[in-house]
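Student: Protein chains in written order, with our numbering: chain A, 14 to 118; chain B, 14 to 118; chain C, 1246 to 1399; chain D, 1246 to 1399.
To be clear, the hints were calculated from the coordinates, so they are not data collected in a lab.
Treat the hints with care, as some may be off.
Unchecked claim - To be clear about the criterion: a stretch of chain D counts as covered by chain C if any three or more of its residues have a C-beta under 8 Å from a C-beta of chain C, and this derived list gives those stretches: (1) 1286-1293; (2) 1384-1391.
Unchecked claim - Cross-link-like lysine-lysine pairs, in silico, BS3-like; alpha carbons within 27 Å at most: (3) D:Lys1267 - C:Lys1392; (4) C:Lys1350 - C:Lys1263; (5) A:Lys46 - C:Lys1392; (6) A:Lys46 - A:Lys57; (7) B:Lys83 - D:Lys1370.
What the hints assert, rightly or not - Just a few of them, taken from the derived set where beta-carbon distance is under 7 Å, the chain B residues facing chain D: (8) Leu53; (9) Asp71; (10) Thr73; (11) Gly76; (12) Asn96; (13) Ser100; (14) Phe114; (15) Gly118.
No experiment lies behind these values; they were computed from the predicted model shown.
Beta carbons: idealized from backbone N, C-alpha and C, even for Gly.
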Amino acid sequence: MSLSIVKNFDFEKGLWNIQLNGEVDVYTAGQLKETFISLLEEKKESIKIDASELEYIDSTGLGVLIGILKRLKQDNKNIIIINIKPSIKKLLNITGLDKIFVIEG
Amino acid sequence: MSLSIVKNFDFEKGLWNIQLNGEVDVYTAGQLKETFISLLEEKKESIKIDASELEYIDSTGLGVLIGILKRLKQDNKNIIIINIKPSIKKLLNITGLDKIFVIEG
Amino acid sequence: MNTMNKIAKEYTNMSIKKDHIKLSIPNRPEYVSVIRLTVAAIANRMGFDIEKIEDFKVAIAEACTNAITHGKHLKDDNFNIEFIVEDEKLTIYVQDNGKGYSAEKLESPDLNNLREGGLGVFIIKSLMDEVDIVSELGRGTTIKMSKYLGDDFQ
Amino acid sequence: MNTMNKIAKEYTNMSIKKDHIKLSIPNRPEYVSVIRLTVAAIANRMGFDIEKIEDFKVAIAEACTNAITHGKHLKDDNFNIEFIVEDEKLTIYVQDNGKGYSAEKLESPDLNNLREGGLGVFIIKSLMDEVDIVSELGRGTTIKMSKYLGDDFQ
Ligand SMILES: Nc1ncnc2c1ncn2[C@@H]1O[C@H](COP(=O)(O)OP(=O)(O)O)[C@@H](O)[C@H]1O
Ligand SMILES: Nc1ncnc2c1ncn2[C@@H]1O[C@H](COP(=O)(O)OP(=O)(O)O)[C@@H](O)[C@H]1O
């Protein structure tokens, strides 16, 4: 019912591998934002999110992703999301964000 | 969040094998009682309950079991409960019903 | 009589059988997950399938997030949620006594001009069958949203 | 002012930070599972472990079952649940406007003379750290129960 974030940098591919476990909502979105911002301060590279354990996200969490994507786009970097659950896929379709993020798997 | 009951009679051992799936509370206890009563009308033999999928039971459900046990005791039959989850075991201990039913495994 | 009571009153006057559940909860982010689980339990009890239960969880969370972030009036206050359970329909009211806004002025999300906000109401309207927002500047907001059990309504 | 409000008032007058959650729900069996999930969500949010969350689920269900089966006054009525969230303690009030009873007359369960009922209040007292029942014949019952986060209190 809360959020845990696992991060590590893939030197071979030159991108961040992030695993999100749990729920991103108005309570946990701040934690997500801080983590992402500190990642980009360390290395401004594309972020690949494994969402297989992401149970829930709503507009607060999507807003954080949009904000981070904007920063990445300045350097032509991306957010890639893999293993998305159907309920979250639906939300990305509805909002059109499936065309903004790179969705895989 | 509701209750499903699987029943079959073990002719070799001469007892009812019952599997309880879900929750027994004030909403579902009536269904449990009716099932047990119809079992005993068919064959008044001991009842062995597999509680591995029983997620929840409270005093309403325990009351049903006590009522059925009373009928069985008239014929020296028993209620045997196996594979009990810790939270339900705790309830049986607290109420002393672990001494009244036969608890196995 | 506030907006929520007024709308609820209309309902009560009709003759179909309805159950009312009322929840008053602190306007703080940590309680939104509690609200999501409560709506999931109600919708599950009514027989909604998993996909629709998820829709309710997201929609109510969006409404509550707005009540908490925009609707806030006093720092430590509660806001109200009401669930109306009918045979074929679950209706939810989320009501705050916050600052209110002009719902007509809301813009739809623009993918060519990404903003970090502005998705909440749009998501609610996409996921629910009926949505109605009544907001008065300085007095607060009530958002009413319903979804039907069957697939006939879209 | 009814009993519940009176006791709640005492609480409000103290200075420690508390959150109040209020739930009004139909006095019918099908809603008890909704209440169990709500208390589980609140207790989980507070950091209670799985065993204590189960204790809350059982205790609140016992209290609500009593409100529904004995407390009932009108056929279609709601009853009230209030949760007081403190740093180290969750307190729950379950209040009905039903027929009430004399709590002092309650007998403990007797294993040599099994009855099908009479376990509910006994179970609540076993699982919770503090239990207080205030009942007035003809006016209704409020049961107050609390449990602490830490293990220091027993
Ligand atoms: N309960 C509310 N009280 C006051 N203003 C609100 C409320 N709900 C929504 N709004 C207004 O409507 C706007 C759009 O809301 P929404 O679509 O949820 O996006 P976001 O909350 O991300 O801005 C908000 O920015 C706010 O100005
Ligand atoms: N909310 C209530 N309103 C009226 N009577 C109650 C209430 N709660 C408990 N009682 C009385 O106390 C008795 C004992 O309750 P309990 O221990 O839960 O066992 P049971 O409900 O199985 O009888 C009940 O039989 C009833 O007479």
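Student: Lys46 (chain A) and Lys1392 (chain C) were given as a pair; does the straight-line alpha-carbon distance stay at or below 27 Å?
Tutor: Between Lys46 (chain A) and Lys1392 (chain C) the Cα gap is close to 32 Å, so the pair fails against 27 Å, i.e. violated.
Student: Take the stretch 1384-1391 of chain D, compare each residue's beta carbon with every beta carbon of chain C, and decide whether three or more fall closer than 8 Å.
Tutor: violated (count 0)
Student: Under the criterion of a CB-CB separation shorter than 7 Å, is Leu53 (chain B) in contact with chain D as hinted?
Tutor: At 15 Å from the nearest chain D Cβ, Leu53 (chain B) fails the 7 Å test, so the hint is violated.
Student: Phe114 (chain B) was flagged as interface toward chain D. Is the shortest Cβ-Cβ separation under 7 Å?
Tutor: Given a least distance of 11 Å, the restraint on Phe114 (chain B) is violated.
Student: For a C-alpha distance cap of 27 Å, please report whether Lys83 (chain B) and Lys1370 (chain D) respect it.
Tutor: With Cα atoms ~26 Å apart, Lys83 (chain B) and Lys1370 (chain D) stay inside 27 Å; holds.
Student: Are Asp71 (chain B) and chain D close enough, Cβ to Cβ, to be under 7 Å, as the hint says?
Tutor: holds (5 Å)
Student: For the pair supplied as a hint, Lys1267 (chain D) and Lys1392 (chain C), confirm whether the alpha-carbon distance does not exceed 27 Å.
Tutor: holds (24 Å)
Student: Checking hints one by one. Is Ser100 (chain B) an interface residue toward chain D, by the C-beta closer than 7 Å rule?
Tutor: holds (4 Å)
Student: Take the C-alpha atoms of Lys1350 (chain C) and Lys1263 (chain C), compute the straight-line distance between them, and say whether it is at most 27 Å.
Tutor: Since the Cα atoms of Lys1350 (chain C) and Lys1263 (chain C) sit roughly 34 Å apart, the hinted pair is violated (cutoff 27 Å).
Student: Can you verify the interface hint for Gly118 (chain B): is its Cβ closer than 7 Å to any Cβ in chain D?
Tutor: Constraint on Gly118 (chain B) not satisfied, violated at 20 Å.
Student: The hint names Asn96 (chain B) as touching chain D; please verify it with the least Cβ-Cβ distance against 7 Å.
Tutor: Check failed: Cβ of Asn96 (chain B) comes no nearer than 17 Å to chain D, outside 7 Å.
Student: Please verify whether Lys46 (chain A) and Lys57 (chain A) have alpha carbons no more than 27 Å apart.
Tutor: holds (15 Å)
Going through the hint list in order, the structure does not satisfy hints 2, 4, 5, 8, 12, 14 and 15.
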